[in-house]
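Undergrad: Put chains B and C on the given structure of chain A with help from the hints.
Protein chains in written order, with the numbering used here: chain A, 1 to 259; chain B, 1 to 261; chain C, 1 to 309.
Any given hint could turn out to be false.
Computed from the model, here is a short list of chain A residues facing chain B with C-beta under 7 Å [what the hints assert, rightly or not]: (1) V32; (2) V36; (3) L37; (4) G45; (5) G53; (6) G182; (7) P185; (8) L188; (9) F194; (10) Q198.
Away from chain B, derived, C-beta distances all over 10 Å, residues of chain C [unchecked claim]: (11) G139; (12) R226; (13) L247; (14) G251; (15) T252.
Where chain C lies over chain B, by a calculated footprint (3+ residues, C-beta under 8 Å) [unchecked claim]: (16) 16-23; (17) 94-107.
Honestly, the hints are just simulated from the structure, not real lab data. Here the structure is a predicted model, which is why all the values come from computation and not from measurement. We put the CB at the ideal spot given by N, CA and C, even for glycine.
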Amino acid sequence: MSRWFGPATVRVIEHQAAVQRRFWRGSVFGYVLNPVLFLAAMGFGVGGLVAEGSGKVDGVTYLAFVTPGLMAAAAMQTAAGESLWPVMAGMKWLRTYHAMITTPLGPADVFAGIVTWTGLRATAGGLVFVAVGAALGGVRSPWAPLAAGVAGLTAAAFAAPLAAFAATQETDARFPVIMRVGIVPLFLFSGTFFPVAQLPAVLRPARFASPLWYGVELARAATLGRWDPTLPVKAAVLVAVILAAGVWGRRTFTRRLVQ
Amino acid sequence: MIPIPPDRRPTAGPVFERNLLAYRRMWGAFASGFAEPFLYLLSIGLGVGALVGTVVGPAGARVPYEDFVAPGLLAAAAMNGAVFDTTFNFFYKFKYAKTFDAMLATPLGPRQVAVGELVWAQARGGLYAAAFLATMAGLGLVRSGWAVLCLPAAWLIGFAFAGAGMAATTWMRSFVDFDWVTIVLLPLFLFSATFFPIDRYPDALGWVVRVSPLYQGVALCRGLAFGELHWTLVGHTAYLVVMGTAGVTVARARLARLLLP
Amino acid sequence: MTTPLVEAEGLVKRFGDLVAVAGIDVRVEAGEAFGFLGPNGAGKTSTMRMIACVSPPSAGRLRVLGMDPLRDGPRIRARLGVVHQEDTLDLELTVRENLLIFGRYFSLPRPVIRARADELLAFVQLTDRADDRVDALSGGMRRRLAIARALINEPELLLLDEPTTGLDPQARHLVWDRLHELKATGTTLVLTTHYMDEAEQLCDRLVIMDGGRIVAEGSPRDLIERHVGREVVDLRFTDDTERDAALTRIGTDGVRAEVLPRRLVAYTDDGDRLVAGLGTAGLHPAAMVVRRAGLEDVFLTLTGRSLEE
Numbered sequence: 001m002s003r004w005f006g007p008a009t010v011r012v013i014e015h016q017a018a019v020q021r022r023f024w025r026g027s028v029f030g031y032v033l034n035p036v037l038f039l040a041a042m043g044f045g046v047g048g049l050v051a052e053g054s055g056k057v058d059g060v061t062y063l064a065f066v067t068p069g070l071m072a073a074a075a076m077q078t079a080a081g082e083s084l085w086p087v088m089a090g091m092k093w094l095r096t097y098h099a100m101i102t103t104p105l106g107p108a109d110v111f112a113g114i115v116t117w118t119g120l121r122a123t124a125g126g127l128v129f130v131a132v133g134a135a136l137g138g139v140r141s142p143w144a145p146l147a148a149g150v151a152g153l154t155a156a157a158f159a160a161p162l163a164a165f166a167a168t169q170e171t172d173a174r175f176p177v178i179m180r181v182g183i184v185p186l187f188l189f190s191g192t193f194f195p196v197a198q199l200p201a202v203l204r205p206a207r208f209a210s211p212l213w214y215g216v217e218l219a220r221a222a223t224l225g226r227w228d229p230t231l232p233v234k235a236a237v238l239v240a241v242i243l244a245a246g247v248w249g250r251r252t253f254t255r256r257l258v259q
Numbered sequence: 001m002i003p004i005p006p007d008r009r010p011t012a013g014p015v016f017e018r019n020l021l022a023y024r025r026m027w028g029a030f031a032s033g034f035a036e037p038f039l040y041l042l043s044i045g046l047g048v049g050a051l052v053g054t055v056v057g058p059a060g061a062r063v064p065y066e067d068f069v070a071p072g073l074l075a076a077a078a079m080n081g082a083v084f085d086t087t088f089n090f091f092y093k094f095k096y097a098k099t100f101d102a103m104l105a106t107p108l109g110p111r112q113v114a115v116g117e118l119v120w121a122q123a124r125g126g127l128y129a130a131a132f133l134a135t136m137a138g139l140g141l142v143r144s145g146w147a148v149l150c151l152p153a154a155w156l157i158g159f160a161f162a163g164a165g166m167a168a169t170t171w172m173r174s175f176v177d178f179d180w181v182t183i184v185l186l187p188l189f190l191f192s193a194t195f196f197p198i199d200r201y202p203d204a205l206g207w208v209v210r211v212s213p214l215y216q217g218v219a220l221c222r223g224l225a226f227g228e229l230h231w232t233l234v235g236h237t238a239y240l241v242v243m244g245t246a247g248v249t250v251a252r253a254r255l256a257r258l259l260l261p
Numbered sequence: 001m002t003t004p005l006v007e008a009e010g011l012v013k014r015f016g017d018l019v020a021v022a023g024i025d026v027r028v029e030a031g032e033a034f035g036f037l038g039p040n041g042a043g044k045t046s047t048m049r050m051i052a053c054v055s056p057p058s059a060g061r062l063r064v065l066g067m068d069p070l071r072d073g074p075r076i077r078a079r080l081g082v083v084h085q086e087d088t089l090d091l092e093l094t095v096r097e098n099l100l101i102f103g104r105y106f107s108l109p110r111p112v113i114r115a116r117a118d119e120l121l122a123f124v125q126l127t128d129r130a131d132d133r134v135d136a137l138s139g140g141m142r143r144r145l146a147i148a149r150a151l152i153n154e155p156e157l158l159l160l161d162e163p164t165t166g167l168d169p170q171a172r173h174l175v176w177d178r179l180h181e182l183k184a185t186g187t188t189l190v191l192t193t194h195y196m197d198e199a200e201q202l203c204d205r206l207v208i209m210d211g212g213r214i215v216a217e218g219s220p221r222d223l224i225e226r227h228v229g230r231e232v233v234d235l236r237f238t239d240d241t242e243r244d245a246a247l248t249r250i251g252t253d254g255v256r257a258e259v260l261p262r263r264l265v266a267y268t269d270d271g272d273r274l275v276a277g278l279g280t281a282g283l284h285p286a287a288m289v290v291r292r293a294g295l296e297d298v299f300l301t302l303t304g305r306s307l308e309e
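Next comes chain A alone, as it looks inside the complex:
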């Protein structure tokens, strides 16, 4: 069995980066326009309404509250977009992964490569988010750049299980269902737009099952500069998700690519 991460993984990342260069327009949009538009609409538009209503959320302005939430959520969206259809394309439609494993690269390298690549992309996206957030006044703490790392970690925690799952599928029929039944509810209810405390008491514990919630909590701690002792545990949960899904993904990629 090959290593979890090594020079071979880097080859796969280079390939992903080369492909990405062709789609620069979508990337520029995703990286820059997306945060600007969402922060303007939610932070300023809805934020203005909140200021007239309840005033502060969690002790800060709505813009400051929602910025880290949107950042982590964007990382999750990036991961979902990169790990379902593109993996199906690599396995079946374009068979690029089959081409890769005719070289010294193995299935596990391909898997590790795409997960790492997704994490790197989300980290870059997170940096842009921090910058835009700082420019708009939603980010104040000097610790804020750490939130970009959180974005990368969050993205990997989604990319690993989703890519592992995508490798088991014959068609993309279940992907839209995953988006609507999995990704969208997490996006809307993981403390992104309003504090989890507002949820009915019975639903509140469900947050522990949402990788996005851990990401939002960590990102918010960074952009608001609030330390608390649960943070290392929350980070550890994301790492655990990545490792567990890593075991699964190495297996599903191998089973699918080497028959």
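TA: Then chains B and C, alone, in the frame of chain A:
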């Protein structure tokens, strides 16, 4: 021999039938389409609504935020569904699955293909809109009996965006071009007075919003949901009718050229 | 005399500056199996698309089933069957559903379609795969399904564009077998191919196309006898001097040959005599093959190029 006269005029019916048949196996995707706008309603309407409290409604009086945002979400969902069906799905069938090439080996022509796809998108959109409207009523977010007209309004929004989407798709060369769809859709979704009233914008921007397409739908649905039948609703309706008709006309002409080179 | 099913005079298809079909005359009579043979880019598919009424001619006259494709497209298509070169099967549907929905495109009543679908599945030997998704079928099965689908309206004229391209030999023979069966029951076939053996197998009559024009027309046997003779002698030499010597020698017998680098392809009715003649003259090619002439040779003599680039 063929038991019916081959001269019988082809209709768009079988195109619709084909989609129905294909969709039977994708009931999960179909059913989950109901969930999305509903979840938005809970999160933004009730969740964010609790932080906001009240906003200025269409009549000038303050109304609960969830009442305000629900018709906006309805309009936005109608737009998203119609655009998705007529851009990504349509392009896939057109360029990759060659579904339309197969259809043109029969008496069906580009006209039947375009109409069949459009009616299909509208039927789905209508079902989703009806379910959303029922949910709004169930949560007590509807202020007036006129809200029933939100259903045809959602249809009209769907028609307008389906026409525009289909026309745009005839110029698309590859999936990379679909970045433009997102680039256009997201600002419309976020800034059409969907989530906050138009008076929050600086004056100049407010006018940009007033002439943008989704705003017509949002204002129309909101007016109906609150029973505020201002004459401007006629203007919004006319805007959407013209937009859809123009889109379908362009799409038909372009499709005939693309499918029958 | 009955009306020909396809009748083209001076038929032209242009895409901008590109001339795909440069003025061809074609007649296909009822009950025939007619072929368009030629390399990629010869204009075969463009011609087929015009006949299928999905591509308006740029100039010339075209009648299909006695009607004008421009005016009566849907009425003509109602009586045609088309098997596309690329699979246009509906991947989201099962095998049987592909037939059922296609019947609906022709506005056929459902009970009629159901009965016919069962017959056609049996005909193309896919009955036991009826409820599988098309995705799961092999290339040969897909092609057979495409043929069954094209027959759902009991067409008078079946158009097949490269019916066996990309299939393995076994699958090809199965498709040919089904097409022979259709021919025997009186269906008119029009097909394009770049395989010589396919044209010889299936076609009563064919035209050879090159660069948008028809360069020869006739039955496979006709064309072979008219243009190349019964046998072909393929000679290889170690250098071109030897080749030229051999060329001079066989030229004195009035035998025509294609001159290629260190190689001669000679067309004759008696290959053994030609070989014996070379031996007598003290000429010994490095390798030689005597074989029956085929359409490949016709194409080579007519255009000076090999068919399969």
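Undergrad: Hint G53 of chain A vs chain B: min CB-CB distance below 7 Å?
TA: Cβ of G53 of chain A sits 4 Å from chain B, so the hint holds.
Undergrad: Please confirm whether L247 of chain C is truly not at the interface, meaning its C-beta sits more than 10 Å away from all C-beta atoms of chain B.
TA: Label holds. Min Cβ-Cβ 47 Å, cutoff 10 Å.
Undergrad: Verify the coverage statement for the stretch 94-107 of chain B against chain C, using a C-beta to C-beta distance below 8 Å and requiring 3 or more qualifying residues.
TA: holds (count 10)
Undergrad: Less than 7 Å between beta-carbons is the criterion; does G182 of chain A satisfy it with respect to chain B?
TA: violated, 10 Å
Undergrad: Quick check on G45 of chain A please, does its C-beta sit within 7 Å of some C-beta on chain B?
TA: holds, 4 Å
Undergrad: Taking the shortest Cβ-to-Cβ distance between T252 of chain C and chain B, state whether it exceeds 10 Å.
TA: Label holds. Min Cβ-Cβ 53 Å, cutoff 10 Å.
Undergrad: Take the shortest C-beta to C-beta distance between V36 of chain A and chain B; is it under 7 Å?
TA: violated, 10 Å
Undergrad: Does L37 of chain A hold up as a contact with chain B if the rule is Cβ-Cβ below 7 Å?
TA: holds, 6 Å
Undergrad: Does G139 of chain C really sit off the interface, with its C-beta more than 10 Å from all C-beta atoms of chain B?
TA: holds, 16 Å
Undergrad: Any CB of chain B closer than 7 Å to the CB of P185 of chain A?
TA: This interface hint holds because 6 Å falls under the 7 Å limit.
Undergrad: Does F194 of chain A hold up as a contact with chain B if the rule is Cβ-Cβ below 7 Å?
TA: holds, 4 Å
Undergrad: Is the interface hint satisfied for V32 of chain A? The criterion is a beta-carbon contact with chain B at less than 7 Å.
TA: This interface hint is violated because 11 Å lies over the 7 Å limit.
Against the hints set out earlier in the document, violations occur for numbers 1, 2, 6.
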